[in-house]
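Chemist: Below are the chains, spelled out letter by letter.
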Amino acid sequence: MIKDILIKAVDVTKNYGDFRALDKVNMDVARGEVSCIIGPSGSGKSTLLRCINLLERMDKGAIWVDDELMGYRREGNDLHEISDAEISRQRRRIGMVFQRFNLFPHKTAIENIIEGPVHVLSEPVKEARERALALLERVGLTEKANHYPSELSGGQQQRVAIARAMGMQPDVILFDEPTSALDPELVSEVLDVMKDLAASGMTMIVVTHELGFARNVANTVTFMETGKVVETGLASEVLSAPKSARTEEFIRAVHS
Amino acid sequence: MTAATDSPARADDKYEIAHLKLVPKRHIGRMVAAAIVLLLLAGLARAFSVGQIEWSYVRDFLFAPAILDGLVNTLVMTAAAMSIGIVLGVVIAIMRISGNPVLSSIAIGYVWVFRGAPALLQLMLWFNLALIFPTMGIPGLFEIRTVDIMTPFVAAMLGLGISQGAYTSEVVRSGLLSVDSGQYEAARTIGMTQMKMLRRIVLPQAMRVMVPPIGNEVIGMVKLTSLASVIQYSEILHNAQIIYFANTRVLELLLVASFWYLAVVSVLSVGQHYIERYFGRGSKSIRASM
Ligand SMILES: Nc1ncnc2c1ncn2[C@@H]1O[C@H](COP(=O)(O)OP(=O)(O)OP(=O)(O)O)[C@@H](O)[C@H]1O
Ligand SMILES: [Mg+2]
Numbered sequence: 001m002i003k004d005i006l007i008k009a010v011d012v013t014k015n016y017g018d019f020r021a022l023d024k025v026n027m028d029v030a031r032g033e034v035s036c037i038i039g040p041s042g043s044g045k046s047t048l049l050r051c052i053n054l055l056e057r058m059d060k061g062a063i064w065v066d067d068e069l070m071g072y073r074r075e076g077n078d079l080h081e082i083s084d085a086e087i088s089r090q091r092r093r094i095g096m097v098f099q100r101f102n103l104f105p106h107k108t109a110i111e112n113i114i115e116g117p118v119h120v121l122s123e124p125v126k127e128a129r130e131r132a133l134a135l136l137e138r139v140g141l142t143e144k145a146n147h148y149p150s151e152l153s154g155g156q157q158q159r160v161a162i163a164r165a166m167g168m169q170p171d172v173i174l175f176d177e178p179t180s181a182l183d184p185e186l187v188s189e190v191l192d193v194m195k196d197l198a199a200s201g202m203t204m205i206v207v208t209h210e211l212g213f214a215r216n217v218a219n220t221v222t223f224m225e226t227g228k229v230v231e232t233g234l235a236s237e238v239l240s241a242p243k244s245a246r247t248e249e250f251i252r253a254v255h256s
Numbered sequence: 001m002t003a004a005t006d007s008p009a010r011a012d013d014k015y016e017i018a019h020l021k022l023v024p025k026r027h028i029g030r031m032v033a034a035a036i037v038l039l040l041l042a043g044l045a046r047a048f049s050v051g052q053i054e055w056s057y058v059r060d061f062l063f064a065p066a067i068l069d070g071l072v073n074t075l076v077m078t079a080a081a082m083s084i085g086i087v088l089g090v091v092i093a094i095m096r097i098s099g100n101p102v103l104s105s106i107a108i109g110y111v112w113v114f115r116g117a118p119a120l121l122q123l124m125l126w127f128n129l130a131l132i133f134p135t136m137g138i139p140g141l142f143e144i145r146t147v148d149i150m151t152p153f154v155a156a157m158l159g160l161g162i163s164q165g166a167y168t169s170e171v172v173r174s175g176l177l178s179v180d181s182g183q184y185e186a187a188r189t190i191g192m193t194q195m196k197m198l199r200r201i202v203l204p205q206a207m208r209v210m211v212p213p214i215g216n217e218v219i220g221m222v223k224l225t226s227l228a229s230v231i232q233y234s235e236i237l238h239n240a241q242i243i244y245f246a247n248t249r250v251l252e253l254l255l256v257a258s259f260w261y262l263a264v265v266s267v268l269s270v271g272q273h274y275i276e277r278y279f280g281r282g283s284k285s286i287r288a289s290m
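Sequences listed follow chains A and B, in order. Position 29 of the first sequence, counted from 1, bears residue number 29 in the UniProt record's numbering, the numbering being contiguous throughout. Position 149 of the second sequence, counted from 1, bears residue number 149 in the UniProt record's numbering, the numbering being contiguous throughout.
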């Protein structure tokens, strides 16, 4: 069976000065797949996500999204950097949910969601609002549509942030530790929304320490350490019967 | 242990003070200071009333057409110079943080030059531009005599506006730096271009930090326009001077001008409050104080 690969990362390498944050990372994510990335702090998980949506420029390697090379245009044997406008266009297809939500504080929940559709995708305001209301209903926040982020709990803000990402109708949504900044009792409401999103067939790459979520929802799990992929495979296999001793050690440490 | 069991027993009258009368703290220092200030004010008022001031002149000239014309010209110049200052300030600040070495060098050079020379001097330089460039234009296409364009109005507007831009750019820059980097990333993530991100996400948030100092600068500009009197622009101080040259009522006319400056600044201060409230929307601290 040939899987329909949506995201393909080949030998992605990223240096900060002398420090190698990513070291020849390879990764395939199929369309509709939920892929979790786990690993200790500083292992390069965020950096990898940020390379995928071009928030960071990688030093070596390449990333394709839906067979489109990110950040460059190939002409024969040369790779040309693409223009800022082209980069913006490529980013539209990749949603991102941040650890610290990063909602626009001067806009209400619904304004946050329609900002991209109306001002980037030029969708009519009326249609965008209707879709936004449907999204708010989906994340259970219909009655908070006209509230500012400062009037919402962390869990509610993160659900609005997920709705904002969905509003762009992206091919994939990247999650960078979406529940790490939340009080423990708010974690599950966000994970439930993500579960629902996964069930609807959205392709997701999720950096998380929530191994329960990884076990129940993810198709594949990748374990990273010091900028390298140590192990990758089916979620059940990596989490229950890891091949690498380091993976096993990490999973045991997170569980205890 | 014994102490803990003891204390409820001793809770007879020592802890029964809820019914006692509260005597507020006396602010002796404040009262003394207020008394001194009142005394000084009374003395000042007396000095003005027995001084050689003909209050009838103040009253008569307060609404004199020449004074009101001057007031309008002062307001027009404030608006014009400040508009130039703000537009230049935003452009220069964006150039400065753009990461483009050419643009940021230009921005740094601009601030260095125009913040370095007194506003009055810059005004006079523009006004006297004809001395070095008798004509301006594109050779072969059109040409115009510099004295015809460099009217007092244009010279004052350029001199004040361009030097203001140097100050305002620093205010805008600090506003841009005050916006969390996560906001820039979130805007990029939904596919915004650099310009759209600045216009729709970053600047509106930076405004919250920028409005108070810019309000300050507008108020400063109202008074700075009086420099234009030096190059014969008919703002309020210039017109007051023309009148007192004729009738020698110097102090009376200066009081008239002071009254109007104070009135304009008061109105602007109220306006600033409302603008601050608008740009503070969605922010906790502002709402708590409303
Ligand atoms: N802008 C930067 N400049 C220098 N070093 C950086 C920068 N960003 C990240 N790094 C370094 O790169 C390494 C990988 O960082 P990254 O944020 O990707 O880790 P992470 O796996 O997401 O960790 P965490 O679980 O703590 O979020 C870290 O050692 C970090 O210090
Ligand atoms: Mg991280």
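Derived by calculation from the structure, the hints in this document are not laboratory data. Among the hints, a few may not be true.
[What the hints assert, rightly or not] Computed cross-link-like contacts, SDA-like style, restricted to lysine to any residue with a CA-CA straight-line distance of at most 25 Å:
hint, chain 1, residue 1, chain 2, residue 2
1, A, 195, A, 245
2, B, 223, B, 103
3, B, 196, A, 195
4, A, 3, A, 126
5, B, 196, A, 60
6, B, 196, B, 103
7, A, 60, B, 185
8, A, 195, A, 226
9, B, 196, A, 90
10, B, 196, A, 201
11, B, 196, A, 86
12, B, 223, B, 255
13, B, 196, A, 3
14, B, 196, A, 93
15, B, 196, A, 55
16, A, 126, B, 103
[Claimed, not checked] Quick look at which bits of chain A chain B covers, simulated, 3 or more residues with Cβ under 8 Å:
hint, segment
17, 82 to 90
18, 110 to 122
19, 139 to 150
20, 211 to 218
In this text, a Cβ means the ideal position worked out from N, Cα and C, and glycines have one as well.
Chemist: So, for every hint listed, does it hold in this structure?
Modeler: Against the structure, the hints come out as follows:
1. For the hint pairing residue 195(A) with residue 245(A), the CA-to-CA distance comes to about 29 Å; that exceeds 25 Å, so the pair is violated.
2. Among the hinted pairs, residue 223(B) with residue 103(B) is inconsistent with the structure: their alpha-carbon atoms are about 32 Å apart, more than 25 Å.
3. At most 25 Å may separate the alpha-carbon atoms for a hinted pair to count; residue 196(B) and residue 195(A) exceed this at roughly 33 Å.
4. Under the criterion of a C-alpha separation no larger than 25 Å, the hint pairing residue 3(A) with residue 126(A) is inconsistent with the structure, at around 38 Å.
5. Between residue 196(B) and residue 60(A) the alpha-carbon distance is near 30 Å, which puts this suggested pair outside the 25 Å criterion.
6. Proposed proximity of residue 196(B) and residue 103(B) is supported: the alpha carbons are some 19 Å apart, at most 25 Å.
7. Note on residue 60(A) and residue 185(B): the hinted pairing holds, with a Cα-Cα distance of about 22 Å set against a maximum of 25 Å.
8. Under the criterion of a C-alpha separation no larger than 25 Å, the hint pairing residue 195(A) with residue 226(A) is inconsistent with the structure, at around 29 Å.
9. As the CA atoms of residue 196(B) and residue 90(A) are separated by approximately 16 Å, the hinted pair is consistent with the 25 Å bound.
10. A hinted pair counts as satisfied when its Cα atoms are at most 25 Å apart, and residue 196(B) with residue 201(A) does not qualify at roughly 31 Å.
11. A threshold of 25 Å between alpha carbons decides the hint, and for residue 196(B) with residue 86(A) the separation of about 14 Å falls inside it, so the pair holds.
12. Between residue 223(B) and residue 255(B), the direct Cα distance comes to roughly 14 Å. Compliance with the 25 Å bound is thereby established for this hinted pair.
13. At roughly 38 Å between alpha-carbon atoms, residue 196(B) and residue 3(A) are farther apart than 25 Å, so this suggested pair is violated.
14. Simply put, residue 196(B) and residue 93(A) have alpha-carbon atoms about 18 Å apart, close enough for the 25 Å limit, and the pair holds.
15. Note on residue 196(B) and residue 55(A): the hinted pairing holds, with a Cα-Cα distance of about 17 Å set against a maximum of 25 Å.
16. In summary, the hint linking residue 126(A) to residue 103(B) is not supported, as the alpha carbons are separated by about 40 Å, beyond the 25 Å threshold.
17. A stretch counts as covered by a chain when three or more of its residues have a beta carbon under 8 Å from one of that chain; for the segment 82 to 90 of chain A and chain B the count is 4, and the coverage holds.
18. Only residues whose beta carbon comes within less than 8 Å of a beta carbon in chain B count, and the segment 110 to 122 of chain A has 5; three or more means the coverage holds.
19. Closer than 8 Å: that is the beta-carbon criterion, and the segment 139 to 150 of chain A has 3 residues meeting it against chain B, so the requirement of 3 holds.
20. Here the segment 211 to 218 of chain A counts 0 residues with a CB under 8 Å from a CB of chain B, which misses the bar of 3, and the coverage is violated.
Checked against the numbered hints listed earlier, the structure breaks hints 1, 2, 3, 4, 5, 8, 10, 13, 16, 20; every other hint is satisfied.
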